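Novice: Given the structure of chain A, go ahead and fit chain B onto it with the hints provided.
Residue numbers (our numbering), protein chains in the order written: chain A, 2 to 374; chain B, 666 to 1179.
Keep in mind the hints are simulated off the structure, nothing from the lab.
All of these numbers come straight from a predicted model, not from anything done at the bench.
Built from N, CA and C at the ideal position, the CB exists for glycine as well.
Please note: incorrect hints may appear among the correct ones.
Said to hold, decoys possible - Within a straight-line C-alpha distance of at most 30 Å, the following computed DSSO-like cross-link-like pairs (lysine-lysine) qualify:
(1) B:Lys693 / B:Lys1092
(2) A:Lys236 / A:Lys3
(3) B:Lys1092 / B:Lys1051
(4) A:Lys247 / A:Lys236
(5) A:Lys247 / B:Lys693
(6) A:Lys263 / B:Lys1062
(7) A:Lys38 / B:Lys744
(8) A:Lys97 / A:Lys3
(9) A:Lys247 / A:Lys263
(10) A:Lys247 / A:Lys227
(11) B:Lys693 / B:Lys1051
(12) A:Lys172 / A:Lys38
(13) A:Lys3 / A:Lys45
(14) A:Lys371 / A:Lys45
(15) B:Lys825 / A:Lys247
(16) A:Lys227 / B:Lys744
(17) B:Lys1062 / B:Lys1051
(18) B:Lys1051 / A:Lys227
(19) A:Lys236 / A:Lys263
(20) B:Lys1062 / A:Lys236
(21) A:Lys263 / A:Lys176
(22) A:Lys371 / A:Lys38
(23) B:Lys744 / B:Lys693
(24) A:Lys247 / B:Lys744
As the list claims (entries may be wrong) - Looking from chain B toward chain A, a few residues come up when the C-beta cut is under 7 Å (computed):
(25) Asn784
(26) Ile985
(27) Gly989
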Amino acid sequence: MKYWTLSEADIDRIAIGCGILGTGGGGSTYHGLLRAKALLREGKRIRMVRPADMAPDAQILGIGGIGAPTVGIEKIPEGSEGVRLLNALERHLGRKVDAVLGDEVGGGNGIAPMLTAAMVDLPVVDADGMGRAFPEVQMTTFFIHGQAVQPAALADADGNVLVVTDATTPKMLEKLLRASTIAMGCTALMTTAPMSGDFVRRFGVPHTTSQAWSLGDAVMNARAGKEDPVEAILKQSGGVRLMRGKVTDISRRVMAGFTRGKLTVAGLDADAGRTLTVDIQNEYLIAREGEEIITMVPDLICIVDSETGRAIGTEELRYGLRIDVLSMPAPVLLRSEIALASVGPRAFGYDFDFVPMGVSADAPAVPHYKEDA
Amino acid sequence: MLRIGVDVGGTNTDAALLRGTEVLATVKSSTTADVTSGVSAAIRTVLAEAGVSAGAVNGVMIGTTHFLNAIVEGRHLEKVGILRLCGAATRSLPPMIDWPDTLRPIVDGGAALVGGGVNYDGSEIAPLDDVAIRAACRDWRARGISAVAICSVFALVDPKMENDAAEIVAEEMPGAAISLSHRVGRTGLLPRENATILNASLHTLGRDTVGAFRAAFAALGLTCPLYLTQNDGTLMAAEFAERYPVFTIASGPTNSMRGAAFLTGLSDAAVIDIGGTTTDIGMLVAGFPRTRSEGAEIGGVPTNFRVPDVYSFGLGGGSIVRPGSSSTIGPDSVGFRLPEKALCFGGDTLTATDIAVSAGLVDLGERDRLSRITPEFAQQMLAQMKASIETVLDRMKPSADPIPAILVGGGSVLVEGLLEGTSVSLKPDHFGSANAIGAAIAQVSGEVDSVVSLEGTTRERALESIVAEARARAVEAGADAETTTLAEIEETPLAYLPGNAVRVAAKVIGELRA
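In isolation and in its complexed conformation, chain B is listed as follows:
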């Protein structure tokens, strides 16, 4: 099976071509403003380098920060009509109450809080208010709004109200993009509603971006399916990604860490990803990134997405070095202007890359231009960079015991030798393209997080139905049903009540369907 993985970062677009588990070629090129032309260029180069024809490729997997950037910058977002199904409940905290004041007016298309919603045991809070929903839709349509987010209280206990409401909205607003909360988020009304609104707001951008990828790939002669990588490092089919663009927001660090695991064969290790501007340190546990205990804030909006627990700090190949009585490295960087700014390339700024070149760790630009860097100063700076990584590594480690460390990313050339607190410090082949390789090898998953009442059923049967739902979602996202396995199941009893209700979160993972 031939797969191409592509990772689109803020500065570089990386691509990797794999046959099964063998890396045939990798390439790094500049990210372009339109994203697609940079991706096309990277794919064309990687195919040429390996001598493979586009028609032979079985799948292209893309990890992109495009949608995250849109939210952070507040650009290319559309206004969303928000339908909360809640009856009288929840009105003390209206939709978007915890959004930043800068982003709210860009996305807020007006909220309608209407009859509907269920309790934790599935009983109805109030009947679905058909009349109120139609009135809200007419108002939105009159104002040119075509994206709607629907969020019901306890939608994960029973999604029927959201589905019924979606049918009414589709009747009143033909062609509207409708995002349903039970498909987007976990238990917790506000963060799930927030994620649903963000998803709806990204709808047009999602459709346009995926459409542009499709057109560009057709031009390259690629006939295979297209996938996007999501927050947990697994894939979603392009048609799915068009509807759920919000699932891509944290795929960058995840792809790097999955790629590092693949390149070294290690499943438990620290991954140190050194780029041009920042170093990201995360932990691999059983082959997947350790996630943060709190939900992710996206552009200042609280959501309950589980994202990798990554510590980011300002150290990279472009970090600016300032000599002095106590010399500093970063946290500011020349970033993507490294090829014109760094001394070794004839620029005027002393960077971390110049230090590495001067010490002979990497051969870049012209070493002659660095004659004023003394060997002592270079060694002192290298030691300082290493120490700053070691300090963060120590905070991230699960215990004081030494663990393996994997260095990836283009900036890994800054570090030589064994890092303190590690049993081994590996810099695998293709370390510069671990992110693209991580995208290429990704699997497919389905997740459910719900509260289930055990009244009238057994615990086993309740768990079974949750796992079955997660499996169905994995298959919908593109997994081969035969290969699906239960990756995670978490049961939390509800405190302070004698009732028999538990919160269950399940995740099923499978191989990509051929």
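Next comes chain A alone, as it looks inside the complex:
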């Protein structure tokens, strides 16, 4: 079996990349980065494995945080939430789990599965169910392609564990988990039903940890070489710059628990005189210039600091920030008709159909995978 064993330098790169792929949401990667490095220093290991290398009947669990990022920066995890989740689900299933993965590569959830994996020495599959961040649990390529709704589980820092043995629909599962998360103080770790190696190989977005690493590597190399990190991101991702500008207006309101808002960006430099607006529903969803829609969900709209290439989350937006608005094609699996029903513009309440921006291509695995010694 070939593995990619992560170093602290790899964690730095992956954290930057997960931030960019967070499309404004998914929460900060900072705590995950600190925890992952602390675990490596304790002698634990984090091993990535490619989806194609997993045994077809392997049992894989998706792990990720659920809750409000603003709460998560105060009530930080206890550390063994993931271990308690695994134990609870293994007890329920009556068998061991072979690997874990993240349902969502974007933001802090791109690192979350690695922390549990390091503690119990399980490999992490280099794939996820979004290739970005989405606001709701059922918005994964796994649920879109029929992942079982049960069992699922939730664990908090205080020691509470909840196992959902039955839920009628993925949407109902999302409701149950979110309501319980509030009872747990608005921050918890969750897992959805186990998936087979074959299922993940077919319906996971492949090599998204590799993709995050490559984006982060490009940014760090550009910073070290005093080159433009935003250009480096574009070159690495195959995306385009929609605008370089500054934030001139940000309006936010909460509707049904989700932050909705609109960002207005006035162009600078070569883009002077242009104005771009971006619709926000926790993530950046739709980019418009005037009436014309340029990029729409599920294609990625990523906003980064013009100088450093650091991803800017929706909660960080402030008047005067100098930013670059980037557009990257969504992974192939998100652009299918069946996927668009769950994650296309209409799924977010818009009255228009998806028009792609750019050509989809799945990310390759990094060349760091080596035969296990």
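Specialist: This is chain B only, laid out in the frame that chain A set:
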């Protein structure tokens, strides 16, 4: 009202004496190793120059980088016992996890993670663990530790646990200096805890420094209150500063920018502060410095203090000039050794000041010594300096539209004429002492940043209570309650949850109480 503003920089100590809004005198002297004797000398000179007696002065306002330097250099810091009130939560990231390896062992006096803390809605995570707190205190006391930082999860939602824990610590460790996180930082456990630990670590230095100022001022015959300027350009009374020295860490650039606003009457402008070694460029928005979106790192320690968004680069009066096929200016500087190193003073190093003297922009030293600088070379170097400022200015500006620029600091003599991208480039009177003037005119503020649950209350009532708390803090810091106004209020709904919780940050500003 007679006020003296003093700004203590790494090289120079500036002082300014103001009557109301009139600048009576300014003076620049050298910073001394003990800080206080340089401040005393500057105050004595400025009083003599204006012919004002010390007894007539109503207030002295000091901006100092003393505490920042202590952290950066890892000197004069004391070990801190760290008490985190958290129950089981937060243990994956223990205190000081993101400190630099050089500073951590200097400050780390041992951490105790004990029962306590609240959730975002104020409900208890775990009851306060009295027994564990007392055990930790006995251990710290046995090891000679006398500074304690207390940080509770969601202390800004409910500070009661921190206050209760402080009472227990005070019982077990009589005379200990206790820093409470809800008084020091904003929402975000790690950066707030870091700031609280830094504050506790500076406690003895804070007490000693303020004590030395008091003694020196008594010797000068000053009987008025003493204030220190903090990160946002507002003042805190000396007794408050003794307990919260960490609030002074970014006051330098803020004072310059506030002084520039005062001297020109402009509230929206670029401020270009050219010193001996560096040029700092920042933006004034509504009379205050624009702040950075990320929290400040102090000596490599992440905190969530809001500090001015200032771009600093190596250009100043002492910058070393190297002629060649592509001549360079800086980024290295002779710094405070300018009076012995520069050619015009008989030294052996060609500096930016020599260029300015040779071009006739300023009369310093002996111009005869600069005969080998050709007028063409001087003009070329001046143009190069101007272009480097213009490049940074362009990055900092909010838009491509021309804006006013204010040049301050002793090195401003290096720049002549209109800068590109500006509508007007002003060099006001007293430009060399804008930092001290900014300290003299400072107001007083109080800030709160908290998460509030709207269950069982209305949004209006919740906001009111936050603003009232900010107002109370402003008054505690020395503001005249009658003059307090709400300067900033920022409401951020919490994403991904159907609950009714919002994060509210409020800042109240008022005039100094007479």
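Novice: Holds or violated: Lys247 of chain A and Lys263 of chain A, Cα atoms, limit 30 Å.
Specialist: holds (14 Å)
Novice: For Lys247 of chain A and Lys227 of chain A, compute the direct alpha-carbon distance and say whether it is at most 30 Å.
Specialist: Given that 30 Å is the threshold and the Cα spacing comes to 22 Å, the pair holds.
Novice: Is Lys1062 of chain B within 30 Å of Lys236 of chain A, Cα to Cα?
Specialist: Status holds; Cα separation ~28 Å.
Novice: Assess, step by step, whether the Cα of Lys263 of chain A is no farther than 30 Å from the Cα of Lys176 of chain A, and give holds or violated.
Specialist: holds (26 Å)
Novice: Measure nothing beyond the straight line between the CA atoms of Lys247 of chain A and Lys744 of chain B; if it is 30 Å or shorter, mark the hint as holding.
Specialist: It is violated: about 43 Å lies between the C-alpha atoms, which goes past 30 Å.
Novice: Please verify whether Lys227 of chain A and Lys744 of chain B have alpha carbons no more than 30 Å apart.
Specialist: violated (39 Å)
Novice: Given the hinted pair Lys371 of chain A and Lys38 of chain A, is their Cα-Cα distance within 30 Å?
Specialist: Since the Cα atoms of Lys371 of chain A and Lys38 of chain A sit roughly 21 Å apart, the hinted pair holds (cutoff 30 Å).
Novice: Should the hint that Ile985 of chain B touches chain A count as held when the rule is a Cβ pair under 7 Å?
Specialist: violated (21 Å)
Novice: Hint check: Lys693 of chain B vs Lys1092 of chain B, CA-CA at most 30 Å. Holds or violated?
Specialist: The hint holds at about 18 Å.
Novice: Next pair to validate is Lys1051 of chain B with Lys227 of chain A; report whether the Cα-Cα distance is within 30 Å.
Specialist: holds (22 Å)
Novice: Checking one constraint from the list: CA of Lys825 of chain B to CA of Lys247 of chain A, max 30 Å. Satisfied?
Specialist: Violated: Lys825 of chain B and Lys247 of chain A sit about 41 Å apart, past 30 Å.
Novice: Is the straight-line distance between the alpha-carbon of Lys1092 of chain B and that of Lys1051 of chain B 30 Å or less?
Specialist: holds (15 Å)
Of the hints listed earlier, those the structure fails to meet are numbers 5, 12, 15, 16, 23, 24, 26 and 27, in rising order.
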